[in-house]
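Chains A and B are the protein sequences, given in the same order. Numbering-wise (numbering that gives the first Met the number 0), the first sequence opens with residue 0 and increments by one. Numbering-wise (numbering that gives the first Met the number 0), the second sequence opens with residue 0 and increments by one.
The set of hints was computed from the structure by calculation and includes no laboratory data. Here the structure is a predicted model, which is why all the values come from computation and not from measurement. Treat the hints loosely; a few may be bogus.
Which stretches of chain B does chain A cover? Using the computed rule of at least three CB atoms under 8 Å from a CB of chain A, they are [said to hold, decoys possible]:
1) 136–148
2) 238–252
No more than 27 Å apart at the CA atoms, straight line, and that leaves these computed lysine-lysine pairs for DSSO-like [what the hints assert, rightly or not]:
3) A:Lys7 - A:Lys54
4) B:Lys54 - B:Lys7
5) B:Lys61 - A:Lys7
6) A:Lys7 - B:Lys54
7) B:Lys7 - B:Lys61
Distance ranges between label pairs, derived from CB positions [as the list claims (entries may be wrong)]:
8) B:Asp239 - A:Thr38: 45 to 55 Å
9) B:Leu165 - A:Asp3: 24 to 34 Å
10) A:Glu31 - B:Asn136: 58 to 68 Å
Don't be surprised by glycine CBs; every beta carbon is placed ideally from N, CA and C.
As a plain string of letters, each chain reads:
2 protein chains.
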Amino acid sequence: MYEDLLLKERWTLIQERLNSEGRIIAADLARELELSEDTIRRDLRGLAAQGLCVKVYGGALKVSPASGSLTERTASVPHRKAALAQAAVGLVSDGSTIFIDGGSTNQLVARFLPEAMNLRVVTNAPAIAIELGSRTNIDIILLGGRFDPHTGSCLGSRAVHELGLLRPDLTFLGACGLDAAAGVTAFSFDEADFKRGLCQVSRAIVVAATSEKLGTAAPFVITQASALAAIVVEGSARHDQIAPYTDLGIRILRAGKDQP
Amino acid sequence: MYEDLLLKERWTLIQERLNSEGRIIAADLARELELSEDTIRRDLRGLAAQGLCVKVYGGALKVSPASGSLTERTASVPHRKAALAQAAVGLVSDGSTIFIDGGSTNQLVARFLPEAMNLRVVTNAPAIAIELGSRTNIDIILLGGRFDPHTGSCLGSRAVHELGLLRPDLTFLGACGLDAAAGVTAFSFDEADFKRGLCQVSRAIVVAATSEKLGTAAPFVITQASALAAIVVEGSARHDQIAPYTDLGIRILRAGKDQP
DNA sequence: CCGCTTAAACGTGCATAATCGTGCATCATC
DNA sequence: GATGATGCACGATTATGCACGTTTAAGCGG
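Given only the sequences and the hints, what does the whole structure look like? Please build it.
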């Protein structure tokens, strides 16, 4: 079935298997590909030399998220927003359709989406589409329209109109301000307009908010806070900052901790 | 069955096979086409030099969107493509509406658009929208739809449909192959389909082609060459490479020189 | 807990065959 | 006669498998 693979093809096969199963047993793979163990071990050593896997006795393991790829990806990025994003992606389930709104935090959400999941991602932010371009198991749908350089996303009437054709299971909403009384708010009219339409078609809405945004309000209202299914906050958020939302029955995820 | 293929035809065949099977084994193809392995390997090397495939020990593989699509291709021959782009932007006039198709060369066209001009730019490539985000006097309209990581642009039926609402004064068309007889061609069906629709609504079409692309044809036809208003070629292009197009009445712009 | 045994996994060196790159000759085409 | 495609010859590089001795992990009896 797998015979006569070119060297590099074998390498990608190994990487795929590492991503899906988390580990490789040299002897098993050698039997499966009808090659000598030596060859497989040479492959694993080569991949390990490039940091694409970790060589262990008997085979190889996927680079552990803690030490390897994730820290590398996180390195150049504001640590706090990355922590939010990593907590937020825990809400995504395999096979679902999610909408990722524009914004720097949400771009990190896209980056930290689990490699192994099959997803359909809809977004109005070109940067997010490009970010996800390398993921083979993610279908990317980009909403068009007038591009707003300030927010880095498409906001025009066309984008709003296209929303009507969607029904995402989960929406990561970008918010400029978040307050239990004032609701979710944005800086510009067009921005709020688009996000309002987005909220109407979404099955579940999540906002990831850094502590500065909690309790603040921008000029234009998107929706009331009670429409949110969950809010992702920083691990350091004070109790009085999040209490108003728990009172509304909104689930709170603290970054840097497992879910309650 | 396949004997007596011309060089360019063989390249097309290889590209088709790369698209459908994902890989080429040099020895197998040599036997099938009754050619020496040397010739096949020369072909693969040539295609790889253009970033159209990845040469590996024993054959070649399709470019993976992950590494190839835009980052690497833009970096591969920057000066040559940049020269093309700088010549191409000379065709743009102030106040007009232009369409910039996806592709590494066209991204450079966007970059070199004159700062002073007021323009409305329509594109299906997210990277181009972002590239132009910092220009305050350019209106950017992004076509949405399914995002194809391989070309770095939106190709789905939605994008084609949105084309109907446009009528750009000038279109920079991205081409995978350009031949006076075969016309403008693309690698994939969807790509060609979108570009075909684009050509129908455009008032004037321009293609910027590096010398390797001149005289080559990819599997899927977009339009005949006579539909082009102008072709931008490298300053080093030979006369016999461009003569067929001047015969068709197409304006030729040589990069690195002012217009004739 | 400790040392011993054993089989599996490992690294290294080497042989072999496939593949590669280069230089050169040939042939067709213009 | 110049250009470019093709095939061939040569040495260089690479992938693979096998043999060897070494290291590791795990079980076992004390």
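Hints, verified against the model:
1. 136–148: holds (count 10)
2. 238–252: Answer violated; 0 residues pass the 8 Å Cβ test.
3. A:Lys7 - A:Lys54: holds (18 Å)
4. B:Lys54 - B:Lys7: holds (18 Å)
5. B:Lys61 - A:Lys7: holds (11 Å)
6. A:Lys7 - B:Lys54: holds (10 Å)
7. B:Lys7 - B:Lys61: Distance of about 18 Å is within 27 Å: holds.
8. B:Asp239 - A:Thr38: 45 to 55 Å: holds (49 Å)
9. B:Leu165 - A:Asp3: 24 to 34 Å: violated (48 Å)
10. A:Glu31 - B:Asn136: 58 to 68 Å: holds (60 Å)
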